[in-house]
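Participant: The listed protein sequences derive, respectively, from chains B and Z.
Numbering of the first sequence is given in our numbering, commencing with residue 1 and proceeding in unit increments.
Numbering of the second sequence is given in our numbering, commencing with residue 265 and proceeding in unit increments.
Note that these hints are calculated values from the structure, not bench results.
Don't take every hint at face value.
[What the hints assert, rightly or not] Here are the simulated DSSO-like pairs of lysine-lysine, each with C-alpha atoms no more than 27 Å apart in a straight line:
1. B:K165 <-> Z:K371
2. Z:K374 <-> B:K165
3. B:K165 <-> Z:K364
4. Z:K495 <-> B:K165
[Unchecked claim] These stretches of chain B come out as covered by chain Z in the derived footprint (C-beta under 8 Å, 3 or more residues):
5. 154–162
6. 171–184
All residues carry an ideal CB built from backbone N, CA and C; glycine is no exception.
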Amino acid sequence: MKLKSKKLNKGIYKTIVVATFIVIVWILLTMVFKLVAAIFIPSPVDLANSFVKLAPGLPSSILASIFITMSGFGIGIAAGVFIGMMMAYSKGFMQTIGPFMEVTRPVPVFALIPLFMLWFGLGLWPQILLIALGVSAILGVQTYEAIRNMPIVYIRAAFNLGASKQAIFRTVVMPYIFPHLVGAIRVAAATSWGLDVAAEFMGVQVGLGYTMIVQQMYLNTSGIIVIILIYSAMAIVLDQVIRKIEKRVTHWTDREALSFDGLN
Amino acid sequence: MIVFDNVSFSYKTGKKEFQVYKDISFNIKDNEFFCIIGPSGCGKTTLLKNVAGFEHPTKGNIYFDDTIITGIDYKRAMVFQEDAVFPWMDVYTNIEYGLKMRGINEKERKKTAEYFINLVGLQGFERTFPKELSGGMKKRVDLARVLANDPSVLLMDEPFGALDAMTKEILQEKLVEIWEHTRKTIFFITHDIEEALFLGDRIAIMQKICNGGEFKFFDIPFERPRNIYLKETEDFQKMRRMLVEEFKKYDA
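Pulled out of the complex, with its shape left as it was, chain B reads as follows:
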């Protein structure tokens, strides 16, 4: 343990050195030598000013974007896991929905944005639906594949102990596949933010993405960067939350113990 924390400290030290170096170069370029125009790379002072200027409108935009993204993300995970499980549970469902899913899954969800706008207008729900669609496509495939990779002995043991098919899905399949979905959920989280930005670019009148497009119209680079930073912060927080939940739900696996230290 001690060794590990020492290593970690060394890692942080390196990170701080690199970060400081980048900030110094940034200040030198934009404020001391003024080599780069503010429209390409604004100075730290410009950023601070933009932040102050945008601040009054930020809380409502941030809330709107968080609401849209999280709703879509949540609905998408639930729908994706459900569809994936149904495909494994019922042959009939698989035969009916499976081929349809195979054909539609590779279609980039981003390409559907204009169509969604036409069909459903510019409200919150089309946007949420769009994100849910993107997320469920990722989770559906991953869920189905994780179930197919299950060791048959668990299923047989459960059947043999008197469990019904439904009970097996609830008590054996669900807990078993969860650790296998963590990767997909993290990818889906990142995709959700992307879809949120894209949909707001396309014409939704609320949220951070919309605010960003307005900044672009005024050639306000520092405003754009401020919003990018906010998006990054939100994405990092969500990722951390997912990892916290992951730790609790996968405590029974050997994930924590896995290490390649000392191997060549």
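Given chain B, work out where chain Z should sit, using these hints.
Facilitator: Leaving out everything else, chain Z in the frame of chain B:
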């Protein structure tokens, strides 16, 4: 009673058909500890899977208490060769799983689970997760989980095959003790002659399994209750030698 009535099993890989066993007929009596020994691989596990109902014979029927076996039933409980303990449940939850699935109330479940936890010697490990248990302890969990469900027959597929010699011996003694206590019918598969001799009432040597299957039965005369010192007696070693010679006959 388990009755094999002219049972055959074959499977197809591509165009080639493999006969695992052919026209087998024999009985396993109630309360009998019956062992089959045979070399690893080649499908003696198939016989057990057929009784469990995971797979079905391609010809003939297997009867359990005069009814043809058509599916999986908790009354015919399998102890797998692989580790079948659910790693996402702690020891207690694993052991009460079958009872819970069959809708038995919590009070009853608790009583039964505790009894079997004590029986296999896992007191104090109720809230431990399988990743922290040794292979031998996991097998104990598996055994307790199956026994708690009160099956009529235990189907054991080389359950101790993956354990080290010491742990194996401890668990063999435990199993003998439990069996002498409960007298459940046990159908046990192993490739370890000594194990079969120590545990069973009757042994069948299964040979030529790849081209049909052929049985030779031997009664085991050793008195019960048995303990591990039985393995060191002259009679035991003589019988072991005799069975090894039987094997050689086929190999030659």
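Participant: Please name the hints from earlier in the document that this structure breaks, with their numbers sorted from lowest to highest.
Facilitator: Number 4 only.
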